[in-house]
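Protein chains in written order, with the working numbering: chain A, 1 to 383; chain B, 384 to 766.
Rather than coming from a laboratory, the hints here were simulated on the basis of the structure. Heads up, the beta-carbon is just placed ideally off N, CA and C, and yes, glycines get one too. Keep in mind that a hint or two might mislead.
To be verified - Cβ pair distances, simulated, as ranges: (1) P547(B) / A98(A): 32 to 40 angstroms; (2) D554(B) / T259(A): 49 to 57 angstroms; (3) D554(B) / I371(A): 37 to 45 angstroms; (4) I371(A) / R403(B): 56 to 64 angstroms.
Protein chains: 2
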Amino acid sequence: MTTNRRKPAGRPATLPDVAREAGVSRSTASRALAGYGSVSPDARERVRAAAEKLGYRANQLARSMITGRTHTLGAIVADIQNPFFAGVTRGITDAARAAGYQVLLANTDEDVAAERAAVKMLRDKHVDGLIVAPAATTETGHLAAAHAAGCPVVLLDRQAPGLPADSVTVDNHGAAQDAVRRLLVAGHRRIALVSLLGTAPVGTPADTPGTAPSTALEAAPADPASPDPASPDPVSTGLERIEGYRAALREAGLTDTDTYLRTGTFHREDPADLTAELLSLSEPPTAVFATDSMIALGVLSAARDHGLRVPEHLSVVTFDDTDWARAVRPRISVVAQPVQELGARAVHSLITRIEGTAGTPEHIVLDTEFIERESIASPPDAS
Amino acid sequence: MTTNRRKPAGRPATLPDVAREAGVSRSTASRALAGYGSVSPDARERVRAAAEKLGYRANQLARSMITGRTHTLGAIVADIQNPFFAGVTRGITDAARAAGYQVLLANTDEDVAAERAAVKMLRDKHVDGLIVAPAATTETGHLAAAHAAGCPVVLLDRQAPGLPADSVTVDNHGAAQDAVRRLLVAGHRRIALVSLLGTAPVGTPADTPGTAPSTALEAAPADPASPDPASPDPVSTGLERIEGYRAALREAGLTDTDTYLRTGTFHREDPADLTAELLSLSEPPTAVFATDSMIALGVLSAARDHGLRVPEHLSVVTFDDTDWARAVRPRISVVAQPVQELGARAVHSLITRIEGTAGTPEHIVLDTEFIERESIASPPDAS
Numbered sequence: 001m002t003t004n005r006r007k008p009a010g011r012p013a014t015l016p017d018v019a020r021e022a023g024v025s026r027s028t029a030s031r032a033l034a035g036y037g038s039v040s041p042d043a044r045e046r047v048r049a050a051a052e053k054l055g056y057r058a059n060q061l062a063r064s065m066i067t068g069r070t071h072t073l074g075a076i077v078a079d080i081q082n083p084f085f086a087g088v089t090r091g092i093t094d095a096a097r098a099a100g101y102q103v104l105l106a107n108t109d110e111d112v113a114a115e116r117a118a119v120k121m122l123r124d125k126h127v128d129g130l131i132v133a134p135a136a137t138t139e140t141g142h143l144a145a146a147h148a149a150g151c152p153v154v155l156l157d158r159q160a161p162g163l164p165a166d167s168v169t170v171d172n173h174g175a176a177q178d179a180v181r182r183l184l185v186a187g188h189r190r191i192a193l194v195s196l197l198g199t200a201p202v203g204t205p206a207d208t209p210g211t212a213p214s215t216a217l218e219a220a221p222a223d224p225a226s227p228d229p230a231s232p233d234p235v236s237t238g239l240e241r242i243e244g245y246r247a248a249l250r251e252a253g254l255t256d257t258d259t260y261l262r263t264g265t266f267h268r269e270d271p272a273d274l275t276a277e278l279l280s281l282s283e284p285p286t287a288v289f290a291t292d293s294m295i296a297l298g299v300l301s302a303a304r305d306h307g308l309r310v311p312e313h314l315s316v317v318t319f320d321d322t323d324w325a326r327a328v329r330p331r332i333s334v335v336a337q338p339v340q341e342l343g344a345r346a347v348h349s350l351i352t353r354i355e356g357t358a359g360t361p362e363h364i365v366l367d368t369e370f371i372e373r374e375s376i377a378s379p380p381d382a383s
Numbered sequence: 384m385t386t387n388r389r390k391p392a393g394r395p396a397t398l399p400d401v402a403r404e405a406g407v408s409r410s411t412a413s414r415a416l417a418g419y420g421s422v423s424p425d426a427r428e429r430v431r432a433a434a435e436k437l438g439y440r441a442n443q444l445a446r447s448m449i450t451g452r453t454h455t456l457g458a459i460v461a462d463i464q465n466p467f468f469a470g471v472t473r474g475i476t477d478a479a480r481a482a483g484y485q486v487l488l489a490n491t492d493e494d495v496a497a498e499r500a501a502v503k504m505l506r507d508k509h510v511d512g513l514i515v516a517p518a519a520t521t522e523t524g525h526l527a528a529a530h531a532a533g534c535p536v537v538l539l540d541r542q543a544p545g546l547p548a549d550s551v552t553v554d555n556h557g558a559a560q561d562a563v564r565r566l567l568v569a570g571h572r573r574i575a576l577v578s579l580l581g582t583a584p585v586g587t588p589a590d591t592p593g594t595a596p597s598t599a600l601e602a603a604p605a606d607p608a609s610p611d612p613a614s615p616d617p618v619s620t621g622l623e624r625i626e627g628y629r630a631a632l633r634e635a636g637l638t639d640t641d642t643y644l645r646t647g648t649f650h651r652e653d654p655a656d657l658t659a660e661l662l663s664l665s666e667p668p669t670a671v672f673a674t675d676s677m678i679a680l681g682v683l684s685a686a687r688d689h690g691l692r693v694p695e696h697l698s699v700v701t702f703d704d705t706d707w708a709r710a711v712r713p714r715i716s717v718v719a720q721p722v723q724e725l726g727a728r729a730v731h732s733l734i735t736r737i738e739g740t741a742g743t744p745e746h747i748v749l750d751t752e753f754i755e756r757e758s759i760a761s762p763p764d765a766s
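Work out the full structure, taking the sequences as your base and the hints as a guide.
Take a look at the structure:
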């Protein structure tokens, strides 16, 4: 990397700086750097030397103007603080590096406006394509626009009906159904599901939760499978897990699949509060299925606050195999997702699209693994 | 966002596409888009319309060629899977957004070569400055070069002697000393420290651990405060915490500060193995201080595998207040770092430099908070 003490301090070199240093016009410098048009060999060399001397960073850009490729991928994740996305991000980065691509990451914190801004920024930075875990399943116009404009999009973890893009997910319905079946087999009948599955509706300031009562969803629980248009836009992943939960209850002859179902909105509801409400019922659940590891932590906190021991008083199972699930007492039984592989498959799908292979969108479904540990026991009233 | 069904399918529009569509030369299109030089109003309008029609994304770039500013910051973190960095990243993103900047993230996974590639990529993408948690404390030539070339660098969490850049850290020495003092006050004398603090040495393939025996560091433990040049390059944060640990032991009259000190290299050693070795000593430690939350998970795993209960048989305290530390039984006592504020202060320092304020580099030191929970008790042999 070239450094030079004589270049203007405090700001990066610009095209006019390079032109001045080389003693040529700006348009000649621009043509020389971009590698097209009529430039004398002498001028080209002077521009090259000036650019190197000043540390002007437009070479890759100039190349991308010609080839339309930068070998960078944009990855937009919904919540980098969720270990699931941290693991997927690692998978994306590793697979991209192996394929000769770099990754630019953006975090939306489950906010559609932030996602729109991230898509714009990454397109401005000329990424060759985008991997997106969309914050909302229906508000995807910005993704459709990118895709249509030749910046392919691959959806990760979540699907978006109406967006003709490849997607990589697990079988959320089947995995949830399997996990709840295991609770049924252990003897549980009062099985709860706790989930956060929606973003704030458009126009609702997500950062001022006081403007909407945090109990709104609890006061008027909508059917999450067919959400009210005015209610939060749920992500597909959560809905599929809820349907798997319901299917398992129904096949066990339990037709009431709502009593122990609690869903909240990201940044609005706290999973510990949703669980506390369940544990305060006159007939509380004896088992809880958490739809991700951060929700499981809320479930464990609420159980501890209620003086309940896992699994003697309350069985717990969760999606996502995090480091802590293996380290704590009792070790937590989980639905493990192949996080590295999810990221890698998304990268491979995206590169295939970038390299021009046409064809209808593909939905890749990866297997999960149920890992039995120590957090499921018989219900306390069965002994 | 404009979409257009007639644009060439499968690749983004390039400058030549725009020129062709507008019926002008490439150099005219380039001048029109970059907003300098001699272009007729008519040609300028045709280029603008063609660029919009084709979804050509060079507008921001063209602007940046003139102003030298893109209002994007690059953030390079060492391990996005560590909750500490996930939280810091959230702090960076929030503070940048509030200041009108976007953030491009890169993850190095504690690898100096990946860090170099990330710096190059982010400079190629014309970020205005970089926030870096450097993977190594001494191999920072690429950071010095970026800094000298007008791309200011702010160090986060870690310092680098010889790099004249602002840095934002906590008082690692003081916080570690305080945590170990609390173990001493509880009656412990055999207090262990477990840490991972180095990257693989240059030229050693980090992804083929088989080439270097994983016990190398244990077999020949170097003084981590003055590392052998051939040994891994330790990061400052870990060294300062070790010195704080030693200072606390010394002030309690314990002059042997090595017997229960175990350090490993990222990706080489497993903290659970380092702990298992300690617990197998004839006089095992009665308390362990973990230098981050991922190490604490290894300590807890090893304790469980040895049939030890926390805190009855083993007291545990760790740096970093993660969600799980509050949710598990027993709740873990921690040294909490102000993760959001660390990120925000780094953003503010960087923007101050970008906006041209000169002055000598500043080292901002933020306070930690010791949060006492349930993982510290008297040593078992004291009762």
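Here is how each hint holds up against the structure:
1. Take P547(B) and A98(A): their Cβ atoms lie about 36 angstroms apart, and the range 32 to 40 angstroms holds.
2. Between D554(B) and T259(A) the CB atoms are about 51 angstroms apart, so this pair conforms to the stated range of 49 to 57 angstroms.
3. Between D554(B) and I371(A) the C-beta distance comes to about 40 angstroms, which sits within the given range of 37 to 45 angstroms.
4. Checked against the given bound of 56 to 64 angstroms, the beta carbons of I371(A) and R403(B), roughly 57 angstroms apart, stay inside it.
Consistency with the previously given hints is maintained throughout, with no hint failing.
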